[in-house]
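These protein sequences, in sequence, are chains R and V. Each residue of the first sequence is one higher than the one before, counting from 0 in numbering that gives the first Met the number 0. Each residue of the second sequence is one higher than the one before, counting from 0 in numbering that gives the first Met the number 0.
Derived from the structure by calculation, the hints contain no laboratory data. Please note that the accuracy of each hint is not assured.
[To be verified] For lysine-lysine, the following PhoX-like pairs were computed, each having C-alpha atoms within a straight-line distance of at most 20 Å:
#1 K61/V / K204/R
#2 K17/R / K105/V
#3 K66/R / K105/V
#4 K113/V / K232/R
#5 K33/V / K91/R
#6 K61/V / K105/V
#7 K30/R / K105/V
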Amino acid sequence: MARIIGGLTTSHVPSIGKAIAQKEQESPYWKPFFDAFKPAHEWLAREKPDVAVVIYNDHGLNNFLDKMPTFAIGAAAEYHNADEGWGIPVLKPFRGHPKLSWHIIESLVADEFDITMCQEVLVDHAFTLPMALMYPGNIDWPVATVPVMLNSVQHPLPTARRCYKLGQAIGRAIDSFPEDIKVVLLGTGGLSHQLDGKRAGFINKPFDLWCMDKMRNDPEALARLSNHEIVEKAGSQGVELMTWIAMRAAMTGRVKELHATYHVPISNTGGAVMLFENNPQPHAIAAE
Amino acid sequence: MTFGAPIPGTPVFDGDAAVKGYALNKMCFSFNAKENRDAFLQNEEAYCDKYRLSDEQKQAIKSRNVLQLIAAGGNVYYLAKFAGIFGLNVQDIGAQQTGMSIDDFKAYLVSQGK
Chain R
0 MARIIGGLTT SHVPSIGKAI AQKEQESPYW KPFFDAFKPA HEWLAREKPD
50 VAVVIYNDHG LNNFLDKMPT FAIGAAAEYH NADEGWGIPV LKPFRGHPKL
100 SWHIIESLVA DEFDITMCQE VLVDHAFTLP MALMYPGNID WPVATVPVML
150 NSVQHPLPTA RRCYKLGQAI GRAIDSFPED IKVVLLGTGG LSHQLDGKRA
200 GFINKPFDLW CMDKMRNDPE ALARLSNHEI VEKAGSQGVE LMTWIAMRAA
250 MTGRVKELHA TYHVPISNTG GAVMLFENNP QPHAIAAE
Chain V
0 MTFGAPIPGT PVFDGDAAVK GYALNKMCFS FNAKENRDAF LQNEEAYCDK
50 YRLSDEQKQA IKSRNVLQLI AAGGNVYYLA KFAGIFGLNV QDIGAQQTGM
100 SIDDFKAYLV SQGK
C-alpha cells in the first residue's frame, strides 16, 4: 500500500526563484530561509519518496477568472512550468503519476468532493519553487508529482474547515492506493503577507508563530478560523495558509515535527518552513 | 457582503470586483506571454481597446497606479504581471500603495520580524 512518509510546508514567494538563479542562497538576506531546507534534504535523501503531492495555489498562470476551480487536481503524465510575466527562470518539466492522480480523484469524488480534473496544468512558482527548494542543484526531479490547486484568488474562497476536510480525504485516498510507494506531501504558501491595498506590506509574526504551533499540536484549531479572520490576521494573501491546513490534515498517522524555521521577511512575507514525519497509526500496522 | 466587515486598507476580490475588473484582469492575464507584453508596449491604447477596457480601467493603466487599478477591479495576482512589464516587484508596488519610499517600505518589512 502507499504510505505518506511526511511532508513539508513552505513559503513560495517568486523571489526565491531569482535568489536561486542568482545563487544568493548564502547571502545574509536569504541564508536563514535556504538553511531551513538542509534537514529536509537529509530526510529526503534517507527516505527517498516516490511521489510528491503538491498542494498549492495558482497565481494566474494556469487558472483565470473565466473558469475558476475551487479545488483542481492534475492527472497528467507531465507538467510544464511557463513564463509568469515577471522574469523568473522557467524550470524543467515535472513527471506526473496519472494512476495515483486518478485514484485520488476517484476517492475524493466518492467522498463528495466535487473537484476539477485536469489533463493539462501549467504549474506556477508555488509548485515549482518548493520542488527546487527540496531538490536543489537543477538535478532530474527524483519524484513523480500530483498537483492539487486550491483557489486563493477569487472570493468566496473555500473555508479553512473545507480545506482541512479535503486534506483528510486526500490522506485517506493516498492510504488506500494499492501500490507500494512512498508519498511526500507539500503545502506551499504563506505565511502572513499582503501585496495589495494601503495595508500592503503587513506581516503578523505572532499570528504566524501561533499557526506554526497549531500545525504541530492542534491542526483542528486552524480549521476553525474563518477566512475573514485569516485575511485580518494574515493579510489578503495570507489566505494561502489553506494549503498548509490541507497538507497537515492529509497526514493521517502519528505526526512528528522534525524541523521548523520562521524568518521575516522573505520578500513581503513571513517566511516559514516546517518538516514533518508521518508514522502509521498502531492499528494500521496491526492490519498489515 | 458575506465576507464580513471591511478590513481597513485590505481589498477583497469578491464577485463584484471580478465583474467590474474582468476586462482589465483578462488583459493582465495575457501578459504571461512575452509577445503580448511586447504588443502592449508597442501600442498601449490599441492593446487596451482590444481587451475592451472601460475608461476608468484605461485611465488606471495609464497612471500605473496600483490603488487605482485595484479600484477599477484589478486583482493583484494579475496586476503583478502588468507591473512585471516595467520590472516592478512587490516591494515597488508596496511602496507605491503605502506612499513610502522603497527603502522605507523594505525597512518596514524588516521591522515586523523584530
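Is it true that the CA of K33/V sits at most 20 Å from the CA of K91/R? holds (19 Å)
Sort out whether K105/V lies within 20 Å of K66/R, counting only the CA atoms. violated (36 Å)
Going straight from one Cα to the other, do K113/V and K232/R come out at no more than 20 Å? Distance ~17 Å between K113/V and K232/R Cα, so the pair holds.
K30/R and K105/V were given as a pair; does the straight-line alpha-carbon distance stay at or below 20 Å? holds (18 Å)
Decide if the proposed pair is consistent with the structure: K17/R and K105/V, CA atoms, cutoff 20 Å inclusive. holds (17 Å)
Hinted pair, alpha-carbon criterion (20 Å max): K61/V, K204/R. Please report holds or violated. violated (36 Å)
Would you mind confirming whether the straight-line C-alpha gap from K61/V to K105/V stays at or under 20 Å? violated (26 Å)
Hints 1, 3, 6 from the list above are not met by this structure, while the remaining hints are.
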